[in-house]
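Add chain B to chain A, keeping to what the hints say.
Protein chains: 2
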Amino acid sequence: LAGGAVPADGGVVIALERMARVRALEPGCWRIAVDAGLTTAHAQRIARENGLFLPPNPGAAEQSQLGGNLATNAAGPRAFKYGSIGGFVTGLEVAIPPGELLSIGGAASRDVAGCWLRLLPAPDTRATAVAFYPSTERLAAGVLGVLASGRVPAAVEYLDGGALSAVASTYPGDLPPAAAGAILVELDGSGREVAAAAEEIAEALGSSSLARPLTVTGPRSDRLLAWRESVSSAVAAQAGAKLSEDVSVPVEHLAQVIDAVIELGARHGLQACSWGHAGNGTIHASFLVSPESDEELTRAQQAAAELFSLTIDVGGSVSGEHGVGMLKRELLERQWPGPAVRLHRDIKSLFDPKNLMNPGKKLP
Amino acid sequence: LAGGAVPADGGVVIALERMARVRALEPGCWRIAVDAGLTTAHAQRIARENGLFLPPNPGAAEQSQLGGNLATNAAGPRAFKYGSIGGFVTGLEVAIPPGELLSIGGAASRDVAGCWLRLLPAPDTRATAVAFYPSTERLAAGVLGVLASGRVPAAVEYLDGGALSAVASTYPGDLPPAAAGAILVELDGSGREVAAAAEEIAEALGSSSLARPLTVTGPRSDRLLAWRESVSSAVAAQAGAKLSEDVSVPVEHLAQVIDAVIELGARHGLQACSWGHAGNGTIHASFLVSPESDEELTRAQQAAAELFSLTIDVGGSVSGEHGVGMLKRELLERQWPGPAVRLHRDIKSLFDPKNLMNPGKKLP
Numbered sequence: 176l177a178g179g180a181v182p183a184d185g186g187v188v189i190a191l192e193r194m195a196r197v198r199a200l201e202p203g204c205w206r207i208a209v210d211a212g213l214t215t216a217h218a219q220r221i222a223r224e225n226g227l228f229l230p231p232n233p234g235a236a237e238q239s240q241l242g243g244n245l246a247t248n249a250a251g252p253r254a255f256k257y258g259s260i261g262g263f264v265t266g267l268e269v270a271i272p273p274g275e276l277l278s279i280g281g282a283a284s285r286d287v288a289g290c291w292l293r294l295l296p297a298p299d300t301r302a303t304a305v306a307f308y309p310s311t312e313r314l315a316a317g318v319l320g321v322l323a324s325g326r327v328p329a330a331v332e333y334l335d336g337g338a339l340s341a342v343a344s345t346y347p348g349d350l351p352p353a354a355a356g357a358i359l360v361e362l363d364g365s366g367r368e369v370a371a372a373a374e375e376i377a378e379a380l381g382s383s384s385l386a387r388p389l390t391v392t393g394p395r396s397d398r399l400l401a402w403r404e405s406v407s408s409a410v411a412a413q414a415g416a417k418l419s420e421d422v423s424v425p426v427e428h429l430a431q432v433i434d435a436v437i438e439l440g441a442r443h444g445l446q447a448c449s450w451g452h453a454g455n456g457t458i459h460a461s462f463l464v465s466p467e468s469d470e471e472l473t474r475a476q477q478a479a480a481e482l483f484s485l486t487i488d489v490g491g492s493v494s495g496e497h498g499v500g501m502l503k504r505e506l507l508e509r510q511w512p513g514p515a516v517r518l519h520r521d522i523k524s525l526f527d528p529k530n531l532m533n534p535g536k537k538l539p
Numbered sequence: 176l177a178g179g180a181v182p183a184d185g186g187v188v189i190a191l192e193r194m195a196r197v198r199a200l201e202p203g204c205w206r207i208a209v210d211a212g213l214t215t216a217h218a219q220r221i222a223r224e225n226g227l228f229l230p231p232n233p234g235a236a237e238q239s240q241l242g243g244n245l246a247t248n249a250a251g252p253r254a255f256k257y258g259s260i261g262g263f264v265t266g267l268e269v270a271i272p273p274g275e276l277l278s279i280g281g282a283a284s285r286d287v288a289g290c291w292l293r294l295l296p297a298p299d300t301r302a303t304a305v306a307f308y309p310s311t312e313r314l315a316a317g318v319l320g321v322l323a324s325g326r327v328p329a330a331v332e333y334l335d336g337g338a339l340s341a342v343a344s345t346y347p348g349d350l351p352p353a354a355a356g357a358i359l360v361e362l363d364g365s366g367r368e369v370a371a372a373a374e375e376i377a378e379a380l381g382s383s384s385l386a387r388p389l390t391v392t393g394p395r396s397d398r399l400l401a402w403r404e405s406v407s408s409a410v411a412a413q414a415g416a417k418l419s420e421d422v423s424v425p426v427e428h429l430a431q432v433i434d435a436v437i438e439l440g441a442r443h444g445l446q447a448c449s450w451g452h453a454g455n456g457t458i459h460a461s462f463l464v465s466p467e468s469d470e471e472l473t474r475a476q477q478a479a480a481e482l483f484s485l486t487i488d489v490g491g492s493v494s495g496e497h498g499v500g501m502l503k504r505e506l507l508e509r510q511w512p513g514p515a516v517r518l519h520r521d522i523k524s525l526f527d528p529k530n531l532m533n534p535g536k537k538l539p
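Sequences listed follow chains A and B, in order.
For this note's numbering, add 175 to where a residue sits in the first sequence, where the first one is 1.
For this note's numbering, add 175 to where a residue sits in the second sequence, where the first one is 1.
These are calculated hints, taken from the structure and not from any lab test.
No false leads were slipped in.
One copy or two, it doesn't matter: identical chains are merged, so the pair holds either way.
Think about it this way: if two alpha-carbon atoms lie no more than 30 Å apart in a straight line, the pair counts; the simulated DSS-like pairs of lysine-lysine are: (1) Lys523 to Lys536; (2) Lys523 to Lys537; (3) Lys537 to Lys256; (4) Lys529 to Lys503; (5) Lys537 to Lys503; (6) Lys523 to Lys503; (7) Lys503 to Lys536.
Here the structure is a predicted model, which is why all the values come from computation and not from measurement.
Same shape as in the complex, but just chain A (with noise of 0.2 Å):
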């Protein structure tokens, strides 16, 4: 393991970015087996290159690697579709203290040990719809209305008013004055399935939005997804820095989620935003700060302590699928019952009895 090194707090750090082999490649039977450190964006160009797919794509695709993806059980807007991560690993190779080696699972060949990942068939066409919403409680009955379509997109997400304005001048194409939220939903299949498909969700979303909804494919879909993709920087851009945090409520509850983070940010004086997976219901939000004000940092904590509080009491989750880190671990006593977090932790410790690994990262 090239990297490890023991900081202040005696925990160890491994840097895997060495450790990026693709052990071996069976396009024929759907599958590719890895190292921890292989990159999601190198994963996922060889798997295109082959015909096939691997679907989760947790974001910051060139810096995300594998073993971490499989750590955070790593979700993404294809989530919708396809589930997160966990549900395409067969077998794994790990290390744990003091140092065993040991293999688990496979769907492998016999004299290869390491992280199997199962694969799919590329979809042969890519389609994305937009449509765009005057008030949130439009927006929210968009993403109810393609539920109820029958139809299964790739991913459904939204973008709230402020993170539209943030975005606004590079939308390519024509925004509708009174925009304030839109919802993007990427349809995958063979040709025939996803236009028939298109006409559902256009249907679907059309039926409270502004104007009628925007069908692409090829390279316009792709430019609408490097869009939406670009909502994080150009929100931080606006006051410099934010402070973003990622609950998940269940889907019914997102147009009163989506209104109290502006609500929350108005509160302390902030500016706040929120964009994110709105067919899981998962929730991007952000308040916006000075990097030089500490005074803010402080407010916006405060802001995000009481969302917390909020996705708590509708039956969410504080952590949508980032993790639960030293920003949130004192919030997982809350969201999970006493037995629940002890077994966690002792479960934690059968692996690592010296608490070696993020001692203090998600538990306190």
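Okay, now just chain B, sitting in the frame of chain A:
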């Protein structure tokens, strides 16, 4: 919990058949919350009546309960496309010794604790393609052809020659005289999608099949699947009883292991055959025995032991989807490295420190 009882070995038997309520059904949000004792068939009927679909069906749907499906992460034919039941669970209410009730996850309204399952919209159309093969080798080529087609069927099932002859008289059509195996491929989706996929799947199956593959929809498709379901009891009826084992192998070893089942049976003087989920490499191997003969059962067990060895040798798993119970508990230590078995035992004892739950059923 209804029917709790302490058997002679000190373990607790828990019967859940009276815990069979539907706690909540929210079709617009694609979800249902149920008691652990609800049968698979009941849950699937409720989903269907609401235009929805619970894909995992491990078989014996009228007897199997959702709690058992979850405990074993049950799979079944449609796991090929949809994965096993774990991917559909979003919330759990569990009782752990000494009597703590805890609730994890949800995607649920906050006042209901229980087991929440994600559902999917019901596909408009189902079709089943069937093709017959003169040899195991050509049957396995048909399976790899389906994988190479770039389509993702709901299920890819097979019957070897012995399994086929056990149900030959009830086949709803004309069986080619030289048939020594069959593949059934189930497709689901929109009408247009299924029609397009059916053409490509028929072409993939047909490149090594005896006659042109047949594709049927509607009631004829249901009849074909029911015929496939009848294999297990028809095989058992041939000699009066059978020892059935469930192994899973990398799909490229399918032909080798299907043929080995017959050879292992012959070596021990027993008729043998197999069928299963070819797309996942899951093989249900049966060794036929007379119900009166303990000696035949012993020989069947020897044949099964040799099948397990071969399975491990080719990188497969001794339990494809039926779990590890008393019959296979000694095998876990051959398939898993020592530290993995130790961690597994230690994790169980965190949940069940007095070893009351299924003592000795999986770990010796």
